[in-house]
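Chains as they are written, first to last, in my numbering: chain V, 1 to 782; chain B, 1 to 159.
In short, the hints are calculated from the structure, not lab data. One or more hints might be untrue.
[Said to hold, decoys possible] Here are some, though not all, of the chain B residues that point toward chain V, as calculated from beta-carbon distances under 8 Å:
#1 H32
#2 V78
#3 N144
[Claimed, not checked] List time: in silico BS3-like cross-link candidates among lysine-lysine, alpha-carbon distance up to 27 Å:
#4 V:K446 to V:K724
#5 B:K4 to V:K11
#6 V:K8 to B:K4
#7 V:K560 to V:K649
#8 V:K90 to V:K58
#9 V:K308 to V:K187
#10 V:K56 to B:K4
#11 V:K715 to B:K155
#12 V:K715 to B:K4
#13 V:K758 to V:K307
#14 V:K446 to V:K647
#15 B:K154 to V:K715
#16 B:K155 to V:K58
#17 B:K155 to V:K8
C-beta: ideal position from N, C-alpha, C; glycine also.
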Amino acid sequence: MAEKYVGKSIKRNEDRRLLTGNSTFIDDINLPGMLHVAIKRSDFAHAKINKIDVEKAKALPGVVAVYTAEDLGDYWRPGPLQVPPPSVIKGAIFNARPLECIAKHKIRFSGEPVAVVVAENRYIAEDALDLIDLDVEILPYVGDLEKTVAPDAPLIHEDLESNLAADVVQEVGSWEKAVAEADVVVKKRLLVNRVAGAALENRGIVVNWDSNLSLLTVWATTQGPIPMRNSIAKYLGLLENQVRLINPAIGGGFGPKIMSSQIDDVVIPWIAMKLKRPVKWIEDRRENFLATTSERDQLHYAEIALKKDGTILGVKDIFYHNTGAYNPYGMTVPLNTQAHTVSNYRVPNFLTEIKMVFTNQMVVTPVRGAGRPQGVFVMERLLDAAADELGMDKAEIRRINLLQPEDFPLRTGIIGQDFVEGVLDSGNYPYALEQTYEKIEYEKFKKEIQPKARAEGKYKGIGITMFTEGTAVGPYEGCKVLVGVTGKVSVVTAYSNQGQGHYTTFAQIAADNLGVKVTDVDVVTGDSGQWSWGVGAFASRGITLVGTAIHNASLKVREKALNLASKLLETPVDELEMEDGVVRVADMPEKFISLGDLAMRSNPTRGTVEPGMEPGLEAASYYGPPHGATGFGCLAMIVDVDPETGKIKIDRLVVTDDCGQPVNPMVVDGQLHGGLQMGIGEAFYENLVYDDYGQLVTASFMDYLFPQATDMPDKFEIIHSQTKSPLNPLGIKGVGEAGAIAPPACMMQAFEDALGLKDMFITESSINPSKLYHYVQKAKSA
Amino acid sequence: MTQKVKVAITVNGTLYEREVEPRLLLSDFIRHELGLKGTHVGCEHGLCGACTVLIDGHTARSCTLFTVMVDGSDIKTVESLGTMEEMHPIQEAFSEVHALQCGFCTPGFLMTTVEFLEGNPNPTAEEAREAIDGNFCRCTGYENIVEAVQLAAKKMAAH
Numbered sequence: 001m002a003e004k005y006v007g008k009s010i011k012r013n014e015d016r017r018l019l020t021g022n023s024t025f026i027d028d029i030n031l032p033g034m035l036h037v038a039i040k041r042s043d044f045a046h047a048k049i050n051k052i053d054v055e056k057a058k059a060l061p062g063v064v065a066v067y068t069a070e071d072l073g074d075y076w077r078p079g080p081l082q083v084p085p086p087s088v089i090k091g092a093i094f095n096a097r098p099l100e101c102i103a104k105h106k107i108r109f110s111g112e113p114v115a116v117v118v119a120e121n122r123y124i125a126e127d128a129l130d131l132i133d134l135d136v137e138i139l140p141y142v143g144d145l146e147k148t149v150a151p152d153a154p155l156i157h158e159d160l161e162s163n164l165a166a167d168v169v170q171e172v173g174s175w176e177k178a179v180a181e182a183d184v185v186v187k188k189r190l191l192v193n194r195v196a197g198a199a200l201e202n203r204g205i206v207v208n209w210d211s212n213l214s215l216l217t218v219w220a221t222t223q224g225p226i227p228m229r230n231s232i233a234k235y236l237g238l239l240e241n242q243v244r245l246i247n248p249a250i251g252g253g254f255g256p257k258i259m260s261s262q263i264d265d266v267v268i269p270w271i272a273m274k275l276k277r278p279v280k281w282i283e284d285r286r287e288n289f290l291a292t293t294s295e296r297d298q299l300h301y302a303e304i305a306l307k308k309d310g311t312i313l314g315v316k317d318i319f320y321h322n323t324g325a326y327n328p329y330g331m332t333v334p335l336n337t338q339a340h341t342v343s344n345y346r347v348p349n350f351l352t353e354i355k356m357v358f359t360n361q362m363v364v365t366p367v368r369g370a371g372r373p374q375g376v377f378v379m380e381r382l383l384d385a386a387a388d389e390l391g392m393d394k395a396e397i398r399r400i401n402l403l404q405p406e407d408f409p410l411r412t413g414i415i416g417q418d419f420v421e422g423v424l425d426s427g428n429y430p431y432a433l434e435q436t437y438e439k440i441e442y443e444k445f446k447k448e449i450q451p452k453a454r455a456e457g458k459y460k461g462i463g464i465t466m467f468t469e470g471t472a473v474g475p476y477e478g479c480k481v482l483v484g485v486t487g488k489v490s491v492v493t494a495y496s497n498q499g500q501g502h503y504t505t506f507a508q509i510a511a512d513n514l515g516v517k518v519t520d521v522d523v524v525t526g527d528s529g530q531w532s533w534g535v536g537a538f539a540s541r542g543i544t545l546v547g548t549a550i551h552n553a554s555l556k557v558r559e560k561a562l563n564l565a566s567k568l569l570e571t572p573v574d575e576l577e578m579e580d581g582v583v584r585v586a587d588m589p590e591k592f593i594s595l596g597d598l599a600m601r602s603n604p605t606r607g608t609v610e611p612g613m614e615p616g617l618e619a620a621s622y623y624g625p626p627h628g629a630t631g632f633g634c635l636a637m638i639v640d641v642d643p644e645t646g647k648i649k650i651d652r653l654v655v656t657d658d659c660g661q662p663v664n665p666m667v668v669d670g671q672l673h674g675g676l677q678m679g680i681g682e683a684f685y686e687n688l689v690y691d692d693y694g695q696l697v698t699a700s701f702m703d704y705l706f707p708q709a710t711d712m713p714d715k716f717e718i719i720h721s722q723t724k725s726p727l728n729p730l731g732i733k734g735v736g737e738a739g740a741i742a743p744p745a746c747m748m749q750a751f752e753d754a755l756g757l758k759d760m761f762i763t764e765s766s767i768n769p770s771k772l773y774h775y776v777q778k779a780k781s782a
Numbered sequence: 001m002t003q004k005v006k007v008a009i010t011v012n013g014t015l016y017e018r019e020v021e022p023r024l025l026l027s028d029f030i031r032h033e034l035g036l037k038g039t040h041v042g043c044e045h046g047l048c049g050a051c052t053v054l055i056d057g058h059t060a061r062s063c064t065l066f067t068v069m070v071d072g073s074d075i076k077t078v079e080s081l082g083t084m085e086e087m088h089p090i091q092e093a094f095s096e097v098h099a100l101q102c103g104f105c106t107p108g109f110l111m112t113t114v115e116f117l118e119g120n121p122n123p124t125a126e127e128a129r130e131a132i133d134g135n136f137c138r139c140t141g142y143e144n145i146v147e148a149v150q151l152a153a154k155k156m157a158a159h
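Kindly produce the complete structure, drawing on both the sequences and the hints.
This is the structure we're talking about:
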């Protein structure tokens with residue numbers, strides 16, 4: 001088999017329809033007789049509901065119905081949890097409080113749904129929202145991560161003793177021992193800010209109920225179509241095949257679109273069945289900011305114990321993790337934080353505790369990075385603080401502590417988000433560090449460029465940080481591959497695509513195995529009517545899990561095609577080749593049969609078949625790895641701080657990334673670009689801020705600073721390293737989140753280096769011009 | 001309940017005479033009245049630029065205009081560029097250098113590029129970056145879009 005496509009940068013199959021306005025996104029779906037929903041959301045952060053008066057809203061012409069939690073009757077329920085509790089971890093406490101689709105007795109965050117209006121059009125539905133009267137008893141708001149678990153804090157869930165959502169302790173080795181042996185212990189209180197997924201397309205759902213066919217068709221922007229399908233079927237009393245869940249084209253995901261058991265997937269299908277009319281809900285940007293999930297927001301009390309020469313002896317990290325008003329997505333994010341804190345360096349002793357807390361804020365679930373950036377931020381900041389303490393160079397302290405290629409595979413002893421003990425499957429971290437170090441000319445910068453700039457009154461600094469990206473976790477994904485009667489190939493999966501390029505990368509894998517053009521492979525994603533099984537788009541797992549399933553399924557189809565051709569051409573299989581859409585005799589190219597003809601012949605219509613025969617040039621396959629595959633890399637940046645305005649410019653950005661075998665390097669670069677943009681945004685622009693009353697004051701793009709073109713460096717200088725994963729035949733690892741992980745840690749180090757203040761240490765993952773300006777003033781007077 | 005207003009608007013060369021509510025947003029008119037769904041709505045407050053169209057040759061945010069405000073205008077949307085079979089050079093350029101991922105923001109970038117290249121047919125990278133600064137993209141980090149704008153300029157010059 002010739003590898004014509006895997007490993008090559010080729011243009012994407014999906015581009016034409018996206019570029020010409022011929023893709024169907026969720027709001028592009030309009031059905032005859034369709035009704036439109038608008039959601040009444042609470043302006044209060046914490047309140048007891050006395051009464052919701054919807055009579056005036058119902059009376060508005062054009063309004064078809066208004067529903068509150070009471071109207072849902074027994075159908076109303078919290079949850080279920082989308083991720084199970086971490087019971088696999090010894091001693092773990094987890095107080096499950098799944099999401100309430102619509103507030104019934106109590107409001108727990110500003111933006112929580114309290115009523116649903118159904119109307120002939122969206123304009124009328126929104127008019128009616130203003131006519132709903134909400135009578136509540138306001139309760140004290142709690143949003144501080146530490147105060148919320150103080151003894152006198154108001155309870156968010158009254159049936160619990162406190163606002164503690166979970167407590168998980170993991171220890172490898174002995175922190176006490178590390179401290180006893182240490183020459184120095186450095187402590188820091190580190191804060192990680194909160195950011196939005198902010199996909200350009202908001203969420204949405206369209207539902208059509210056909211009572212004659214008993215078929216509920218749901219178009220949804222979910223990143224997890226099959227779990228959502230199952231949940232809808234269970235609670236509406238339908239079979240799986242009576243709910244067809246379809247992903248239309250999706251305008252970016254970045255994590256928050258994976259949430260289900262929200263008002264859209266719980267209530268909208270119920271309304272469509274009740275009213276027997278198609279129903280559409282499209283989220284607006286304000287709703288997306290207020291009530292769709294977001295992430296980060298952790299407070300760490302971190303310590304590192306070292307020898308005088310900089311060798312790490314141990315790390316201790318006790319941290320608060322804000323889960324918002326509910327914890328439907330389990331411990332995914334903070335477990336990722338624990339797993340990634342010690343994933344780059346030799347840390348013989350590690351003690352870590354998660355205190356997950358409830359607050360009166362929107363729910364926290366993964367956003368690109370999903371806990372990884374916090375772990376990396378903590379470790380990298382600790383190393384910077386230790387380097388300062390020991391008078392060491394920032395690159396050097398990393399260099400001497402890095403895990404070495406011969407250390408892999410390495411069992412970390414830390415159970416991760418997949419509930420499996422962490423195994424770092426492969427890596428070459430020193431290579432990543434040294435490549436980046438050389439490319440960005442670290443030494444030249446320190447010796448020549450920086451002093452020269454400083455002499456000219458310019459504040460330039462360099463940062464260099466390591467990261468890993470735990471990718472491609474289980475449990476599994478699957479697919480079906482078919483060679484059709486036209487000779488074209490169909491790949492069908494229920495994985496969800498939000499722009500990652502699957503219509504091309506999945507096709508590249510199948511095309512290589514079946515000897516067809518990549519443009520002759522049609523990929524379907526996220527349609528439960530065509531493929532019934534899967535988990536979802538998270539943890540950078542698509543190309544590895546689905547890609548491997550496609551690889552295996554297409555090899556099965558190849559075998560079927562060759563066996564059939566062998567009979568028809570009366571030639572042994574090992575004398576056949578499969579190229580250019582035909583199977584031919586290797587040394588007699590005129591003796592061939594096309595794949596289309598083979599497909600037609602693979603479904604006999606008379607006669608008998610051999611036992612065990614399976615018709616069609618079709619095969620299904622599932623793939624589930626024993627544990628994740630470890631992507632990794634090194635990020636370095638040179639920043640220029642304008643001392644007059646606190647504005648910054650990233651002069652250079654160099655990243656070495658290793659995601660194993662890239663299927664399409666162009667697409668891999670694109671993933672890195674987007675991730676880096678989000679990471680830079682998190683470090684200097686984006687911030688979700690609540691006021692003292694629980695109101696989100698950054699609920700629009702006027703206040704939430706979305707990173708723009710001129711905020712980015714001129715070029716992302718990317719170096720590729722390829723350490724193939726030993727876990728799958730193609731050696732693939734994920735890359736979707738890699739870019740977003742290290743920028744906050746890297747930029748804070750670079751800012752400190754730029755200003756060169758002795759006692760300056762940035763303890764937050766996000767800074768802004770005014771804070772930086774404050775530091776500049778200090779630097780000038782130093 | 002609301003009095004409707006007559007408008008006559010030319011979109012992509014076709015004259016549409018319609019009666020619309022005074023509050024109907026231009027983005028909704030284009031998408032849901034005319035069925036031209038290539039124009040996307042990302043924020044509905046004029047920041048993200050996904051809904052950018054050309055009104056009498058100039059870029060505008062269709063989500064912050066009422067339809068009645070553009071009565072008599074000539075509007076161009078992404079559908080005025082190329083087709084699936086024969087793309088416009090700007091669209092070709094975006095595909096060639098991977099300047100789109102999810103594609104949701106892309107029509108806005110394309111229309112911004114159309115106007116920009118008319119005024120500056122041979123832009124530097126810096127000028128191209130400045131030109132697209134008002135359009136948000138979450139997927140690409142903008143680098144490839146800057147490159148695509150410059151490549152599009154070259155392609156258009158060669159046409």
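Structure-based check of each hint:
1. H32: Hint holds; H32 (chain B) Cβ to chain V Cβ min 7 Å, cut 8 Å.
2. V78: Holds - the Cβ of V78 (chain B) comes within 8 Å of chain V, reaching about 5 Å at its closest.
3. N144: holds (7 Å)
4. V:K446 to V:K724: violated (34 Å)
5. B:K4 to V:K11: The hint is violated at about 47 Å.
6. V:K8 to B:K4: Given pair K8 (chain V), K4 (chain B) is violated - Cα atoms ~56 Å apart, limit 27 Å.
7. V:K560 to V:K649: Violated, because 57 Å separates the two Cα atoms, which is more than 27 Å.
8. V:K90 to V:K58: Roughly 52 Å separates the two Cα atoms, so the pair is violated.
9. V:K308 to V:K187: With Cα atoms ~16 Å apart, K308 (chain V) and K187 (chain V) stay inside 27 Å; holds.
10. V:K56 to B:K4: holds (24 Å)
11. V:K715 to B:K155: Since the Cα atoms of K715 (chain V) and K155 (chain B) sit roughly 22 Å apart, the hinted pair holds (cutoff 27 Å).
12. V:K715 to B:K4: violated (51 Å)
13. V:K758 to V:K307: holds (22 Å)
14. V:K446 to V:K647: holds (22 Å)
15. B:K154 to V:K715: holds (20 Å)
16. B:K155 to V:K58: Answer violated: K155 (chain B) to K58 (chain V) is near 57 Å, above 27 Å.
17. B:K155 to V:K8: holds (24 Å)
When each numbered hint is compared with the structure, violations occur for hints 4, 5, 6, 7, 8, 12, 16.
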